[in-house]
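Build the complex: two chains, separate frames, hints provided.
Residue numbers (the numbering used here), protein chains in the order written: chain W, 1 to 233; chain B, 1 to 971.
Derived from the structure by calculation, the hints contain no laboratory data.
Don't take every hint at face value.
[Unchecked claim] FRET-style restraints, in silico, Cβ to Cβ:
1. A50(W) to G790(B): 33 to 41 Å
2. P26(W) to A229(B): 39 to 47 Å
3. L716(B) to A164(W): 23 to 31 Å
4. G27(W) to V551(B): 31 to 39 Å
5. E82(W) to A229(B): 50 to 58 Å
For clarity, every value in this text was computed on a predicted model and none was experimentally measured.
C-beta: ideal position from N, C-alpha, C; glycine also.
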Amino acid sequence: MAAGATAASIAGMPPPAPVPACTVAPGVTVTVVPLVADDEELARAEALLAPEELARARRGTPAVHRRRVLLRAALRSVLAAELGTDPRGVPLRTAPTGRPELPAATRLDAGCSAGGLLGLVAVGRGRRIGVDLEPVAPWTPDVADEGWLHATELRAIALLPPGARPVAVARAWTRREAVLKARGTGLRDDPATVVTGVGRTGGPVAGWTLHDVPVPDGWVASLAAAPDEETPR
Amino acid sequence: MTLAPAVPQLARFRARCEEVTGTALDAPGALHAFSVDRPELFWRTLLDWTELPWSGSADTVLTGTDVETARFFPDLRLNYAEVLLRPLDDAGDDAPALTAVHADRPAEHWTRGELRDAVARTVTALRRLGLAAGDRVVLIAANTGETAVVALAVAAIGAAVSTAAPDMGAASLLGRFAQVEPALLVLDRRAVPDDVVGEVVAGLPTLRRVLLIDDRPLPELDLPVDRLADAAAGAEPTTEWPRHAFDTPLFVMFSSGTTGPPKAMVHGVGGTVLEHVKEHRLHVDLGPGDTLYFHTTTAWMMWNWQLSALATGAAVVVYDGPVAGPETLWQLAADHRVTVFGTSPAYLQLCQDAGHRPAEAGDLSRLRAVLSTGAVLHDWQFDWVAETVGPVPVQSVSGGTDIIGCFVLGAPDVPVRRGRCQTRSLGLDVAAVDEDGTEVVGQVGELVCRRPFPSRPVGFLRDPDGSRFHAAYFADHPGMWTHGDLIEFDPDGSSRLHGRSDGVLNIDGLRIGPSEIYTVLRQLPEVADAMAVEQRDDGRPGGTRMVLLVVLRPGARLDGGLDRTIRRTLRREASAAHVPSLVVAVGELPLTHNGKRSERAARDAVNGDPIANAVALRNPGCLDEIRRAVAEAAAVPAAPDEDDGLPGRVARIWCEVLGVRSAAPDDDWSDLGGTSRQVLSLLRRVRLELDADVPVQRFAEDPTPAGLARAAEAALTAAPAGVAVLRAGEGRPVFLVPDAWGQLNLYAGLVDRLATTRPVLGLRLPLRDAAGRHRTIEEVAADALEQVRGAQPEGPHTLLGYSFGGLVAYDVATRLRAAGEDVGCLGLLDVRPPRAALSRWETERVRWAGRRATLRGALQAALHRLTGPRRPAAPVAAPAAPDPELRFFLGTQEVSEAYRPGRFDGPVDYFLAEGSRAAARRTLGAWRRRVGELRVVEVPGYHGDLDDERIGMLSDRHVGTLAAEVSAALD
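Chain B extracted, bound-state conformation (with noise of 0.2 Å):
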């Protein structure tokens, strides 16, 4: 069933305007085009449109053309709180308003009515304890509903209120609130520790009283406090809804930048009421019906724009628990029966990560749209949302604090584009410019809007003169609005952000402002000077990473030492987001003529990107330093390398269990902070990567890499033939089968996200004999069949291989076929059949190709086995003598392509790798001519091991939806 009106409010405006104009305004792009044309008749119409309750005159629509200075409606007033709270025609006061969500109590509801009358009796109360328009208000509590309440009684009061999440510390808190001078305090100390009430209320000389929305005991303090329950108790409900100047301030809201304290922007009521009405009706058509959750806390933006989707008719839900899964957020929108949601990335990430499929834990049918904001969501998360919630539009919105709204958003009529945000917001003139200030389409330029918009902040607090508002945002561009976002438009109008413009890093997702990491680097006597900036992460495709860029001081070396000191003093004194990739002396840092720092030049060297602003540069001679400083530092071996056999595997476990840059081999465990739960997770991963059981006390004995590594080399040779388990479980084992080099590393994805209570077991075979001869497939079947009918004496049994594996598991099917068994699932994971397989004509079509293909891969397999999977495998020359490992894999090749499959007369599942699907069409004959039914899913990637170039489908990319479809096909 579908909620949404048939026809979007967005078309019925469209059909408004264009009997308004006499135009028609329905090609792409033409409704935009006119509402920044024509402002004064775009927001005008918008206003008539809304019917929102409004008094004074609105004949003056706009008073100037300059961005920075032109104020909408001066003669105009209204109510926020009316605006939201007012009966509506589809809406009444029986309609659900508002449900607050909570992890640890059952959910409240109010309805319009209910809300109105909440909000009508606190506006009562707070008159009453003094609170006037003009006033400010401060508070500090967590997304429930009685902070929406409190919110809106001060809005309705005239006052402005300033919200912030309780879990900030005193200093922060203060930082912020400190600036507004507030009247009054709202607190629940639900969510705030009483320490930080003390200290907070120490510091803001301002307050005259503070009001509690717990119903704790009262705390001792030296002003008048008061239970808002008690004050609101015996108020009678007003029925004043005085209306304010639209520029009235309504919220004080904060922006962190790369320098001086955050910024206190004010908001004010009009300009905020006409751009979220406008957002929430024609860019996500949100109306009567509707059920809106955003999950946000209050110290976010989008805190106060979900609330506003009251003036809509639609229902708002908030949530003040914590994330504690991927499911929390779905099952909410289950429960609930949300339509429209909105979260984060990072949000849809750890779900696709987790292998989370949301429409199957819960019913999500009345939901038609997904928002996501607060960093760049990737081509692939738009195509999991689509496999895992539904066919709904995934819309990615942006913009910020500092206009309260979106610059580019959804629209309901524009088709969405993977990666990309569709539509720019209605009424703004957003475009991407270049260093001159114009317009660029197809690349990527700074965003800006160059015409005024009501959304502007009124200004900044503590800043008489607008010299710091104007530094914020008019100084880049004269004569427009520059936000501080690198976009990208296309000529359809959508757009793709690429991150921070200034020094604000933006890593996956989490902004993190440098100056923090300058400061704790000032401590350091080595470093004179630092700058980090944000680079493309090749491994991962739309990830980013940080780059420290340092000026020692004469004499100082980035050796292990420092480079380890610089990265634990991060970790210690900031945080773990803190810690830079990368870290990478430099001579000289970029300036600019003024002497100020670049680090967007900075940025486009590290990325190797065209420099945007080398005229701009003092010095930009220093970029080609940081362009190779950077390409030198990202080749050495930043971990150990792998070619240096085994302790080099040992070492880059070791490294990264401790997040160490590098590690010398008699390197104390202990004396690097290493503890003892870290060293079971260390020997997890040899376990896993290198396939060596290394007993704790044998550790304890000897806590170095070099130690770890004779230990691994021990555990290595003694390794019986036998089955590992790789997950524990209960009741009938998965098995999995070896890959070509007989490990079972590969499989570490997969085990961790199958999604079974099943425990998961895998064969440890030997693949040549005494001799150095590798054994057929059969023999090694042979020996399979054997670790298998020890593990699970009787069928049904569950068998899984990829490539080679695949052969063997298959081989090891068909035995227990004949032997009378049950086989409950063959899983076969992209295996190709053997030459010896195919048909004569099979053979013939896919001879060139195979023959290419076995060279290629089995030489870039090599390379990539010795040269470790992150890294190019460029700088290694082939191999002159046929080395080790190559030998051994030719010598799999050719047991693999003599095997001759025998008839199985189950089912198989067969994985079959996008990649491969071209090969496949050719040879997949033989293993339907074997097979009982052959049940072909496709998954995405490549095969993996042979194309190390392209990503592999057992890659950390691509084993989600793998691991997603192999459990469901397990019997």
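If we strip away everything but chain W, and leave its shape as in the complex, we get (with noise of 0.2 Å):
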């Protein structure tokens, strides 16, 4: 008979809507970036891309070099219009660990996060930002053994009814891998020394302001954020 009712779909990713950039804190902008793009769409991206920019993309395999590509112009782009500047000429660097990095007298921070076929740049004015987007995954018991939730973060969240696990676990994790973005340190801090909470949104974690970011179904995403003259470490 025709595929089992139970059986998961055999459809594709859906291809995520467009979402304009928004305001999700004061002075941070968000842009969804949905990374599909033909071949001429790639190879307009990869034209603003500076050069060190583009072999790292090349390095990738084709999909993680077109997210890579996609990624950068979008920053680029939100980025030049900021700064009123061609996004070729936009000064930005890539610190060793990874993270964007802008001239400080521009006073701006930026940030991406890709998951699927999905992306997220974040601009920060005056203000050091993290933004993490991450798919939702199933639940399964071999998360609470990855180690980096906190037992009282288990707790809640077997808690909660099993539909609403993923979505609690991924929002878990984008809140401290948004702060560990923050930080630099990415995870050469261990995720589990930062504890965000379950079921919470928003809301100060070791000294960030947290906030949700809305993107599609199917996605969630974080971004924490705090003014530069008190950027927590």
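Right, dumping it as structure tokens:
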């Protein structure tokens, strides 16, 4: 007979609808970047990148290559609008840790993240930021075993109905990673050391203000931000 | 309590047939033989016996003998809604008819009278909005009560209805419904996004009107839009149920094939009614007092099938929510007192894998049958239902959208044989045939139906001369309906399906049309041609996997890079389900003399089976190459081999987590698309399988296979003996004692499935001293005791150990008792008593068998460790010099055999592997003499470690049962 009703959908991921830039937090603009492009669009995006950015993109598999090109080009375009310059002329660099960096004089900070066919770029004005996007994955008990969720968070997740757990876990993860990326350490800090709670939206964590970023269904994204003068580490 | 009538309806019908024919029909198979040998008498008797309301004449039953063209009851007229909703003797207007269950709101209920009234009002409303007999309606809505009401009202008018699940995209919906040319579109926007609504309406130019089931604000469309509730509110219920000719279109259904757009097939009212009423009453024994739930969406023919059950007087439950977990549907069955529950092998497997025990979770006492369809139901799934659901028959049924019914299914008077469908559908001359169309029994053949049957589609839409219809079913074997499934019948009439005979793949129950794969691969310049085939997966009995044969352009080579590109492109452009398990480069694909690609020949070659249709091929020589290439590709380590030591093991885990086939030592994690979130699952696997705790930060410094291997090495060297948290939790820990290799990874499946909220801790125990000498069980146990006390100062303690680990656990338990502490639970997983513990008589009896087993086992186990658990050990010759792993294992064996267990005054839970039963008869006495009480629980599988070719009790296959038994034994 036809496919079993409980079988997983075999349709590909739906193409995300482009979401215009929005202000998630004061002084921070977040833009959703669909990571789909035909060859021509990809070539146009590649033309905006600096040679070392292009080289890094080309080291990746085709999907990674496309993601890096499109995200970086989007980031450059958003920054160009901010600085009133050409995307190619944006003084964007990459720190050894992989974090995008801008000269202090611009008072701008940037972040990006991608998951599946969706990306995000964020720009903070006078604010240091970290942003993370994650596709919602099914909950399995293995997650508890990965060691990054705190016992209190695990208990909170266990109390949720099973249908609510995947989003809660994705939320907990993106909140953590947003903080680690804002700090500039990424996974050089153990994610277990940042406890962000379950079922919370927004609010302060480890000195950072966290915000939920609206993204299409199937993804979760969070933003960590702090004004430059009080950047916690 | 049982609600099924004491005498199945089948027996009463058989008696009627015996009366009519004057012949005894009680011999096995006699009724089916009568039903196909004398179709006119059979179908006429069925029509009369079922007392369906009809008019016209039933004198002409059948107009010919050709399955493609013969028509049934050309002068008979009936109304689908009237058949389903009429008052019945034991199911009057107050009897329950329909329950609609939702995940997010309370269930709704309709009695038969209420449902008829709702349908009758909707009929008036639809007529007022211009719907007339002969029109076609598209209904896009979830599986709710309103959906059923609308479909019944459309049918009552004599219009045809085509349903679709709301989760389809606009393109898929239009690919189907543009062919239907509907006059009316009925939508439930609770389940259909607004942009899809707009696109679908724009793409269906024949629409005259749109009707909405939901009560959200009306959208702006260029067509008249109404709310169904408004239209039906003031409507007088109709009393007219006009009866329509037998072949009047009732349902338009779709079936996707290997090529072209989905076929739009039209099913007639008479064929659908007769087939469904026959299956429901005779095969499933449904009637008043029954409650049917069959898990389906509105896009699947089981939706139409379950709706028709109303005609028997049974109540029907529908559900539009998600399956949130293994408990969802069983809970629904318990809550709504379901008597016949239908699902799929995939769901049953999900439940089994999760260790769910439905009968313990809810009251399933009313359940009297479990039906399953959609894919092959495996032997062990029958056992699982028997063990965890109850002693109800499991009926594996199979048929298709094409016949809106079943070819093979259950029967109330035939015993269930595990792994098989019980019987042929009455009146359907179903057989397995070989290439020449000759019936085969006891071997796999093509599923055909050789004589006319009423639920054959009336035809396809957009197929004026019937040529597409002919090509779809009658081209392969002239004069027979060829269904496209492979099946094998036994002489007793039971059968087993063997997947699709055409190119459609059925990978573990998921149907995949390969055309999508080919479309995606067209973007890769290196690939000239490709063919995806299904292969039996020897690693998982009953499982299948996808093998992709590719023909490369001159100059291209299938190296790790191209292999990876193919997989990633498929995953990205199609879905994870479209990614093959194996990619193999071949020179040519098999073609028939007509130049048609023969997926079937390729599949036979890939499986190493005899080629069934070799004479029909233009290039049979290519099959040898395919067979050889696939064998080589499967033998060549697909993932890095474990022979490479730690780097190899690390690389294997790396590849599995990323879904890539090979890894170079310097590959960068993020270059390959690895996310930081995946890092955590990578490191979890490394911890569990290699026992190396690599900190995230350490991985981030050098995110490559080589870097990870170095980090793992460092973690291993530095690993202090101590307690590892295998699973976090609350309360007293459950301690697991490592195996003869000092490792805990064999417990991974058990740890996952233990039904307890308590933490699960693994002891890490050095098995050798500084000089490399194996420490005795007592010495190891002394360490273990210290770790146990460190983690849990006071009893009662819970200890589990497998084999060698069981001996250590036993010794720890005796020491705890000697110190006056409580042991709450001591679980021994197939722990053969040491030789030193046996009486002289026992020693005598096991000596020879024992020695052989030890030597063979030790060698095999060593090979097993070297070659990895998934690959056959054959290519590796027995090591000439004793290798370190074998030496280590033999050392552990030696100290095990020398151990003299003391007395333990408490109870011991002994989990005896089925495969060890014979040996245990001779030796379990050694345990019984020493312990207060030996509670033996038998679990499926072999001991495992020593019998690596057989499936161990801790293997994925059996660990679910073991985990359930162990969970039940926990204190």
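So, going through the hints one by one against the coordinates:
Between A50(W) and G790(B) the beta carbon distance is about 56 Å. The supplied range of 33 to 41 Å is therefore violated. The hint said 39 to 47 Å for the Cβ distance between P26(W) and A229(B), and at roughly 45 Å that hint holds. A hinted range of 23 to 31 Å is violated for the C-beta pair L716(B) and A164(W), which are about 39 Å apart. As the Cβ distance of G27(W) to V551(B) is approximately 57 Å, the hint placing it in 31 to 39 Å is violated.
The hinted window of 50 to 58 Å between E82(W) and A229(B) holds, with their beta carbons roughly 51 Å apart.
Hint compliance for this structure: hints 1, 3 and 4 are broken, all remaining hints hold.
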